[in-house]
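Kindly generate the complete structure, drawing on both the sequences and the hints.
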Amino acid sequence: EAGVTQFPSHSVIEKGQTVTLRCDPISGHDNLYWYRRVMGKEIKFLLHFVKESKQDESGMPNNRFLAERTGGTYSTLKVQPAELEDSGVYFCASSRSGINEQFFGPGTRLTVL
Amino acid sequence: ELKVEQNPLFLSMQEEKNYTIYCNYSTTSDRLYWYRQDPGKSLESLFVLLSNGAVKQEGRLMASLDTKARLSTLHITAAVHDLSATYFCAVDIAVKGSSNTGKLIFGQGTTLQVKP
Chain A
1 EAGVTQFPSH
11 SVIEKGQTVT
21 LRCDPISGHD
31 NLYWYRRVMG
41 KEIKFLLHFV
51 KESKQDESGM
61 PNNRFLAERT
71 GGTYSTLKVQ
81 PAELEDSGVY
91 FCASSRSGIN
101 EQFFGPGTRL
111 TVL
Chain B
1 ELKVEQNPLF
11 LSMQEEKNYT
21 IYCNYSTTSD
31 RLYWYRQDPG
41 KSLESLFVLL
51 SNGAVKQEGR
61 LMASLDTKAR
71 LSTLHITAAV
81 HDLSATYFCA
91 VDIAVKGSSN
101 TGKLIFGQGT
111 TLQVKP
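Residue numbers (our numbering), protein chains in the order written: chain A, 1 to 113; chain B, 1 to 116.
Rather than coming from a laboratory, the hints here were simulated on the basis of the structure.
We treat Cβ as the ideally placed atom computed from N, Cα and C, and that holds for glycine.
Now the in silico label distances, taken between C-beta atoms and shown as ranges:
#, chain 1, residue 1, chain 2, residue 2, range
1, B, Glu1, A, Pro8, 29 to 35 Å
2, B, Glu58, A, Arg96, 20 to 26 Å
3, A, Gly98, B, Glu44, 19 to 25 Å
4, B, Ser12, A, Phe7, 31 to 37 Å
5, B, His81, A, Ser58, 38 to 44 Å
Following this line, the structure appears as structure tokens:
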């Protein structure tokens with residue numbers, strides 16, 4: 001069984017530009033999560049999808065962040081326009097319905113210059 | 001606001017020694033997870049602890065959960081170099097009995113360095 005995959009692994013952009021991160025969950029996992037780790041800080045929850053619906057987006061920092069999960073498969077997280085403080089590692093995780101264990105992808109390291 | 005605190009944040013130890021990483025959390029939860037992360041890699045699930053008094057062991061690692069004390073421990077027995085990594089605990093604040101899994105609140109991570 002393939003694990004959670006994320007693309008790209010690294011992204012370097014300039015302040016004000018737009019970046020889109022992609023996450024492909026494990027096949028059959030209805031739950032999909034986005035987390036972020038800013039340098040030196042703890043990993044923080046951003047949002048949770050159940051299939052294509054946003055279940056909880058309480059961790060999204062502001063309206064520059066837009067997450068979608070069309071069709072309930074892969075998800076994208078767009079940052080527009082990017083700011084310096086958006087730099088960090090963005091993790092995606094997925095889990096089956098009714099099962100608590102979340103499986104994480106390798107993360108996308110975003111650097112905003 | 002739920003807080004999860006790990007102690008210590010950095011641990012340098014000799015091989016064959018024993019040590020414990022502590023994870024304290026500030027609100028009621030009966031679901032706690034331990035993850036391992038190697039540099040540049042994904043978080044690997046180590047243990048899922050779902051009830052008070054739960055104890056799980058895998059190789060040289062043993063995790064326990066005391067929900068009354070709001071404390072989990074990760075005990076390392078006879079450390080070896082391969083255990084060098086960053087270890088995270090995470091608390092699930094999902095409502096018990098809910099069919100929807102909850103978001104995880106992570107500790108800061110404990111970086112373990114095992115020296116020969």
